[in-house]
Amino acid sequence: MAETAKKSRLSRSRTRSAWLFLAPMLVTLAVVAAWPLGRTIWFSFTDASLDLMSDARWVGFRNYLEYVEWGDGEGQYYGLLADARWWRSVWNTILFAVVSVSFETLFGLVIALVLNQQFRGRGLVRAAVLIPWAIPTIVSAKMWAWMLHDQFGIINDMLQGLGLISQPIAWTASPDTAMVAVLMVDIWKTTPFMALLILAGLQMVPQDIYEAAKLDGVPAWRVFRKITLPLIMPAVLVAVVFRTLDALRVFDIVYVLTPNTDATRTMSVYARENLFDYDQFAYGSAASTLLFLVIALITITFIMATRMDLEGKRS
Amino acid sequence: MASVELINVSKSYGNVQVLRDINLSLEQGEFVVFVGPSGCGKSTLLRMIAGLEDITGGELRIDGAPMNDVMPARRGIAMVFQSYALYPHMTVYENMSFGLEQAKLSTPEIEARVQAAAKMLQIEELLGRKPRQLSGGQRQRVAIGRAITRDPRVFLFDEPLSNLDAALRVDTRLEIAALGQRLPDTTMIYVTHDQVEAMTLADRIVVLNGGNVEQVGTPMELYSEPASQFVAGFIGSPRMNFLSGAVAEAHGAVTYGIRPEHIALSSDAGDWAGKVTLTERLGSDTFVHAEVEGIGAVNVRIEGRADVSAGQAVFLTPDAASVHLFDAAGRPVAGRPDA
Ligand SMILES: Nc1ncnc2c1ncn2[C@@H]1O[C@H](COP(=O)(O)OP(=O)(O)OP(=O)(O)O)[C@@H](O)[C@H]1O
Ligand SMILES: [Mg+2]
Chain A
3 MAETAKKSRL
13 SRSRTRSAWL
23 FLAPMLVTLA
33 VVAAWPLGRT
43 IWFSFTDASL
53 DLMSDARWVG
63 FRNYLEYVEW
73 GDGEGQYYGL
83 LADARWWRSV
93 WNTILFAVVS
103 VSFETLFGLV
113 IALVLNQQFR
123 GRGLVRAAVL
133 IPWAIPTIVS
143 AKMWAWMLHD
153 QFGIINDMLQ
163 GLGLISQPIA
173 WTASPDTAMV
183 AVLMVDIWKT
193 TPFMALLILA
203 GLQMVPQDIY
213 EAAKLDGVPA
223 WRVFRKITLP
233 LIMPAVLVAV
243 VFRTLDALRV
253 FDIVYVLTPN
263 TDATRTMSVY
273 ARENLFDYDQ
283 FAYGSAASTL
293 LFLVIALITI
303 TFIMATRMDL
313 EGKRS
Chain B
88 MASVELINVS
98 KSYGNVQVLR
108 DINLSLEQGE
118 FVVFVGPSGC
128 GKSTLLRMIA
138 GLEDITGGEL
148 RIDGAPMNDV
158 MPARRGIAMV
168 FQSYALYPHM
178 TVYENMSFGL
188 EQAKLSTPEI
198 EARVQAAAKM
208 LQIEELLGRK
218 PRQLSGGQRQ
228 RVAIGRAITR
238 DPRVFLFDEP
248 LSNLDAALRV
258 DTRLEIAALG
268 QRLPDTTMIY
278 VTHDQVEAMT
288 LADRIVVLNG
298 GNVEQVGTPM
308 ELYSEPASQF
318 VAGFIGSPRM
328 NFLSGAVAEA
338 HGAVTYGIRP
348 EHIALSSDAG
358 DWAGKVTLTE
368 RLGSDTFVHA
378 EVEGIGAVNV
388 RIEGRADVSA
398 GQAVFLTPDA
408 ASVHLFDAAG
418 RPVAGRPDA
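Keeping their order, the protein sequence lines are chains A and B. Going by our numbering, 24 is the number at position 22 of the first sequence; the sequence numbering is gapless. Going by our numbering, 301 is the number at position 214 of the second sequence; the sequence numbering is gapless.
To be clear, the hints were calculated from the coordinates, so they are not data collected in a lab. Keep in mind the model is a prediction, meaning the values are calculated, not measured. Treat the hints with caution; some may be incorrect.
Unchecked claim - Covered stretches of chain A (in silico footprint by chain B; criterion: 3 or more residues with CB under 8 Å from a CB of chain B, positions within the stretch not fixed):
1. 202-214
2. 225-238
As the list claims (entries may be wrong) - Listed next, the in silico EDC-like pairs over lysine to aspartate or glutamate satisfying Cα-Cα at most 16 Å (straight line):
3. B/LYS191 / B/ASP238
4. A/LYS216 / B/ASP156
5. B/LYS206 / B/ASP156
6. A/LYS216 / B/GLU246
7. A/LYS228 / B/GLU262
8. A/LYS228 / B/GLU188
9. A/LYS216 / B/GLU140
10. A/LYS216 / B/GLU262
Stated by the list, open to error - Among the chain B residues that face chain A by a calculated CB cut under 8 Å, a handful are:
11. ALA137
12. LEU139
13. ILE142
14. ALA172
15. GLN189
16. SER193
17. PHE317
18. PHE329
19. GLY332
Note that CB positions come from ideal geometry on N, CA and C, so glycine has one too.
Model the full assembly from the supplied sequences, consistent with the hints where possible.
Quick look at the structure:
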């Protein structure tokens, strides 16, 4: 009896100290994440504008969708969900996320496999590979903007020098190539991050099973398919989720490299435009809220679909 | 024809030579144990036979054919790793069948081999499980099962028992001995640093020390005729007493060796007078540690219980026929003292 009382007192004090240690993080999260998120969601149901934040009135779902009758029996839908520009941004964002994350995963995997081999100067190469990731996005986007410049850019110069193109291409300005340019820069920048995460996964694979495979006479490609890939899959999936979340709220690269074109406007860019440029604060808040919902939905779907082991129960 | 032959085999990593001119010839079906202290090169030698390490000098032959440049999978060997090296994401069945699929065997043939191995090792109920759902002992069986399915000419074990607890180690040791008998045509090479494992399992023991073969022989040869002081000290438990000084010089040697079980203990008369410092009682045996005047610490092994306690005066009498004499280099000095 005394034993159990003592035990539960011990576990109660453990619980107490656990909460004590968690408290600073929970408070911080509440202040910097939960509060702004709640405010944004609230504003999306009001008529708030930048200079009239405090008098914002509740307007229900009007910012999202509203049917306006013109009186003669006809009418039209207004609101975010009826806005073609918004849907274009959603499409751009998803396209960007799918393509960039796919390529980053593929290249990251290849680089990680190379960096996992023993060779001279491996440490140096590992560090060097990280450089694109270490450069702030604004800086690298500006740098690429110059390199991709239609008249003075080095890319056009090289392609022309090689005779691959006859006319300079307006990479960032032309609607046909703007998305390609953004994707290229993002893939260049983020592949190292992907490679590093996958490399960490590769280094968790025990070496002895490769020796067992050698004794079994398994050829390299099959070792990769049947042993390496399944074993690094959890790490790859975590990396993919991280990157997808990042890609879905992409803003800075697009904003610096290709401002103001329908071809690359993403959800974040769309929200910012409305929030601050067009003085449609409530409308922008609605876009932000939807952006949040889309990201949450995709993440949850992804985690469920891949039955990802977030709690580490299976390893 | 020898099953496995090593001719002047050596191994260096860069400038560091870890094995020097190893010459060995193993008969088919023999159970050979490589034993030696940590770092002596046992694993390296085994891995060279397996093909996991390059042979930097000399020649390896299996069934007469040179093997230096043959892929591991084509050497007709199977290996059980110390860490088991099971594929963590595959079931027990897949672990055993994976290599066979590679060998282009038909599905029924694979099925038959896996079932036969599983039956032999009594792991049939485990075939659907993943390695993480198995105990250490079960994993060990699976690793052995995987090796059996390969139907090897030579079976290699690298310290397969070192991750098991004491009781399981004894059981598994017996099973490995039984396995050796069930596969009479398969040559077994077994690496361990535990001399008890070596003594109980081996037809022949190869004692390695510092990259050299110290002695090759049957367990009893090594026990009764150690070719060096190192072997004398390494084989047998508890360790042989090594005494120096007058007692050795009297026989024209630098070191006088006598096993604890070859000393008689008496409370009233004997060759050496001493005092008990400590007794260890194991039930079946008693180890009596005594301090002998003019000679030093001597360990005596008495069968059953010994009626002595610390501080007591005792007399010790070594069995003259079991004395081993060594020179300064640790080589045996010819001629027994009684001869
Ligand atoms: N890759 C390597 N590079 C340099 N030296 C090595 C390498 N691998 C092993 N050695 C050295 O070779 C020697 C023999 O190693 P080995 O693993 O064969 O020892 P062992 O007898 O199996 O020891 P243990 O009982 O501890 O397993 C050791 O001194 C070790 O330091
Ligand atoms: Mg070893």
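Hint validity - B/ALA172 Cβ closer than 8 Å to any chain A Cβ
4 Å, holds
Is A/LYS228 within 16 Å of B/GLU262, Cα to Cα?
32 Å, violated
Answer holds if the nearest beta-carbon of chain A is closer than 8 Å to that of B/PHE317; otherwise answer violated.
This hint is violated: B/PHE317 lies away from chain A, its Cβ roughly 31 Å from the closest one there, beyond 8 Å.
A/LYS216 and B/GLU262 were given as a pair; does the straight-line alpha-carbon distance stay at or below 16 Å?
27 Å, violated
Does B/SER193 pass the interface hint, meaning its C-beta sits closer than 8 Å to a C-beta of chain A?
17 Å, violated
Would the stated hint for B/GLY332 survive a check requiring a Cβ distance to chain A of less than 8 Å?
Cβ of B/GLY332 sits 49 Å from chain A, so the hint is violated.
Given hint B/GLU188 paired with A/LYS228 - CA-CA distance at most 16 Å:
12 Å, holds
Given coverage of the segment 202-214 of chain A by chain B, tested with a Cβ cutoff of 8 Å and a minimum of 3 residues:
holds (count 5)
Would you check chain B against the segment 225-238 of chain A, counting CB to CB pairs closer than 8 Å, and say if three or more residues qualify?
holds (count 4)
Can you verify the interface hint for B/GLN189: is its Cβ closer than 8 Å to any Cβ in chain A?
5 Å, holds
Taken at face value, is the distance from the CA of B/GLU140 to the CA of A/LYS216 at most 16 Å?
Satisfied, since the Cα-Cα distance of roughly 12 Å is no more than 16 Å.
May I ask you to test the interface hint for B/ALA137 with respect to chain A, counting a Cβ-Cβ separation under 8 Å as satisfied?
7 Å, holds
Going down the numbered hints, you'll see the structure goes against 5, 6, 7, 10, 13, 16, 17, 18 and 19, while the others check out.
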